[in-house]
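Chemist: Dock chain B against the given chain A, drawing on the hints supplied.
One letter stands for each residue in the lines below.
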Amino acid sequence: MKFVDEFRDPNKARALIREIETLLPQIPRADERPLQIMEFCGGHTHTIFRYGLEQMLPGAIELVHGPGCPVCVLPMGRVDDCVALAERPEVIFTTFGDAMRVPGSKKSLLQAKAEGADVRMVYSPLDALALARANPDREVIFFALGFETTMPSTALTVLAAEREGIDNFSLFCNHITTVPTIKAILDSPDMQIDAFLAPGHVSMVVGEAPFRFVAEDYGKPIVITGFEPLDILQSLWMVIRQLAEGRCEVENQYRRIVPPEGNSAGLEAVAKVFELREFFEWRGLGSIDHSGVRMREEYARFDAERKFPVPSLKIADPRSCQCGEVLKGVIRPWECKVYGRQCTPQTPMGALMVSSEGACAAYYQHGRLAVEAQRGQAG
Amino acid sequence: MNGTITLAHGAGGRAMRELIDTLFVGGYGNDLLAALEDQARLELDALVAHGDRLAFTTDSYVVDPLFFPGGDIGKLAITGTVNDLAVGGARPLFLSCGMILEEGLPLDTLRRVVASMKATADEAGVQIVTGDTKIVHRGAADKLFINTAGIGVIPAGVDIRAARARPGDRILINGWVGDHGAAIVDARGELALDNPVETDCQPLSGLVEAMLAACPDIHCLRDATRGGIAGVLNEFATASGCALHIEETAVPIRDTVRGVCEILGLDPLYLANEGKLVAIVAPEDAEPVLEAMRAHPAGRDAVIIGEVTESPTGSVILHTGFGGERIVDLLVGEQLPRIC
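Chain order of the listed sequences is A and B.
Residue numbering for the first sequence follows the working numbering, starting at 1 and increasing by one per position.
Residue numbering for the second sequence follows the working numbering, starting at 1001 and increasing by one per position.
So that you can see chain A by itself, here it is in the shape it has in the complex (with noise of 0.2 Å):
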């Protein structure tokens, strides 16, 4: 198929994989512990599963997976916010598939919907938009999820329903920032990443500005990555290079997507329609500044938490999970005392277990081939 099987090629990957060795010898090390490179984005983690790429690269390199799938962090009380504001009887509540199965602290939208609340999965939030026109005597709540890849696309939705004076359309803003959680990582004391992988469709809105304070702040090199097996292993050789070279700087690899000066009027929407919280709750990774966006006061009538009643309620995550030490390389999902013992993709208990593009639930399902091997390995 074309555009997608060039980005496949096993010619071409051995090729990087053997330019990859080449270089780590170069690379003055002061213990003898892998290189540890974080993938920030559940898009790259998918990748790197689908593919088996992790047995493909050398020992000498581990790929910690960072917290970049929205679906994963998303807290069990803001769950519980969506499943009571979807068990109103005058809302249709929408929202994207994989958001539908993330366990609350009593249920999922999929668990709600079959008791009878009117939950529908959309492909986009102007598909939200037409359920509201078409339904006028309906409140139509579009559950809004996602880093900067999807903020644009939802205020475009709001600036369009304002246009229209589509009342009835609200919605229940859960968008995350990706530069305050890469430095809630970079400061926490236990960290050890060498390098970062920077989410492609993130930088394709923001540009590469936002991350160069994880070059020049912290020392770390960084490469913006696209999602094709390809441009990962081209990535990782770009950040061995750096490491080789002893140079740190933000790097493109995803130039056919990405415009250095990130996506203007995606941003301009996104300025108009949203503000920073002072703080925002992740699963795995507690609270954080910053690191969340809600409604301007302006567009507070197509904000579902000002429109209607949420319980808000904090719900802890249960105190066995080690998500935050996982996320941060420091122990492998494996390691955690309730992997694959309490926490199962059948009954998730912390945020990595909960989508397939969490690390804990990747490896549980594709990458038993991986753990094995690596335990071979430290044995």
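None of these hints come from the bench; they were simulated from the model.
Errors might be hidden in some of the hints.
A short list of chain A residues far from chain B (calculated; beta carbon distances all over 10 Å) [to be verified]: (1) Arg133; (2) Ala134; (3) Asn168; (4) Ala184; (5) Phe213; (6) Gly246; (7) Ala265; (8) Glu335.
Pulled a few chain B residues facing chain A out of the computed Cβ check, cut under 7 Å [what the hints assert, rightly or not]: (9) Gly1323; (10) Gly1324; (11) Ile1327.
Listed next, the in silico SDA-like pairs over lysine to any residue satisfying Cα-Cα at most 25 Å (straight line) [stated by the list, open to error]: (12) A/Lys307 to A/Glu278; (13) A/Lys106 to B/Gly1333; (14) B/Lys1143 to A/Glu115; (15) A/Lys12 to B/Gly1259; (16) B/Lys1143 to B/Gly1012; (17) B/Lys1143 to B/Asp1064; (18) A/Lys12 to B/Pro1252; (19) A/Lys2 to B/His1319; (20) A/Lys12 to B/Ile1253; (21) B/Lys1134 to B/Ala1015; (22) A/Lys337 to A/Ser105; (23) B/Lys1118 to B/Gly1027; (24) B/Lys1143 to B/Glu1018; (25) B/Lys1143 to B/Thr1058; (26) A/Lys2 to B/Gly1323; (27) A/Lys183 to A/Glu249; (28) B/Lys1143 to A/Val122; (29) A/Lys2 to B/Thr1249; (30) A/Lys12 to B/His1319; (31) A/Lys12 to A/Ala244; (32) A/Lys106 to A/Leu313; (33) A/Lys272 to A/Asp167; (34) A/Lys2 to B/Asp1194; (35) A/Lys113 to B/Leu1066.
Beta carbons are placed, not taken as given, at the ideal position from N, Cα and C, and that holds for glycine.
Modeler: For chain B alone, kept in the frame of chain A given last:
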């Protein structure tokens, strides 16, 4: 007979009689059904001539929409049950048909479904010999639900079981994977594709007969419906305790189906099929069976997609075209499109 289904069509009176006579007895057209007794009466001698064991199965069909590119619920209701018999090595012979109709269903819709069932039954060489019809209030069912049960006969000596996969065996499939699942996604009208995908819905009884003629000792055989080929491969791996290795590049997937999957973040290995079977045979039987499959219209695009080994026990391992490996596990729930 124009108009719509009403509760009167299920009340046991004249309206019901008329519906059965004209639509079903006329539509399915065979003597066993036309006798209109409360049960079909099947000659034992005729059954025994085909083999030494009866195969008996049932399945229900609740698809939405009722009509989709390349098929409809009626065709599915025949092929699904026929294929469940066929993959046991049985020759399918007789089907029952129970229908649950929602009040208000256009009679013309029902007529089209019945015609499709008749045509598919003829193609598969089976007869619909008994049936039942219920009408429910509007909203108590979604338009039309069908249940079919089927009886077939397994020839002596044929022993097809999921547990019979052995190290060294080859894994075969009869053609393109995921067409039905992609066609249903497309027919719901949410993607508006330029090149719609057609379902692969087809009876497999003729193909299985041809395969058994080439090699009576087929080890494993199942049709890959819900759960896709990933589901069937996992059933074989679990039952036999062997490892099934699949070469990603050998699995035939159409570009349009791959396109749907790329857009929605779905995996074609988990997409439903309605006319695909996965077979496992001894290495020396692989070529003759493949040849027999390719000579049959339902197996024209048949290929070998992998091999059985001893370990890691009970696993399905995909060797990706990119050079890596991953476990192909069972799905936790329904496959849901990804956010970004």
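Chemist: For each hint, tell me whether it holds in the structure or not.
Modeler: Going down the list of hints, with the structure as the test:
no.	hint	result
1	Arg133	17 Å, holds
2	Ala134	14 Å, holds
3	Asn168	22 Å, holds
4	Ala184	21 Å, holds
5	Phe213	24 Å, holds
6	Gly246	31 Å, holds
7	Ala265	19 Å, holds
8	Glu335	19 Å, holds
9	Gly1323	4 Å, holds
10	Gly1324	2 Å, holds
11	Ile1327	5 Å, holds
12	A/Lys307 to A/Glu278	21 Å, holds
13	A/Lys106 to B/Gly1333	18 Å, holds
14	B/Lys1143 to A/Glu115	22 Å, holds
15	A/Lys12 to B/Gly1259	23 Å, holds
16	B/Lys1143 to B/Gly1012	20 Å, holds
17	B/Lys1143 to B/Asp1064	9 Å, holds
18	A/Lys12 to B/Pro1252	23 Å, holds
19	A/Lys2 to B/His1319	21 Å, holds
20	A/Lys12 to B/Ile1253	23 Å, holds
21	B/Lys1134 to B/Ala1015	13 Å, holds
22	A/Lys337 to A/Ser105	21 Å, holds
23	B/Lys1118 to B/Gly1027	7 Å, holds
24	B/Lys1143 to B/Glu1018	20 Å, holds
25	B/Lys1143 to B/Thr1058	21 Å, holds
26	A/Lys2 to B/Gly1323	19 Å, holds
27	A/Lys183 to A/Glu249	16 Å, holds
28	B/Lys1143 to A/Val122	24 Å, holds
29	A/Lys2 to B/Thr1249	15 Å, holds
30	A/Lys12 to B/His1319	17 Å, holds
31	A/Lys12 to A/Ala244	21 Å, holds
32	A/Lys106 to A/Leu313	12 Å, holds
33	A/Lys272 to A/Asp167	18 Å, holds
34	A/Lys2 to B/Asp1194	16 Å, holds
35	A/Lys113 to B/Leu1066	23 Å, holds
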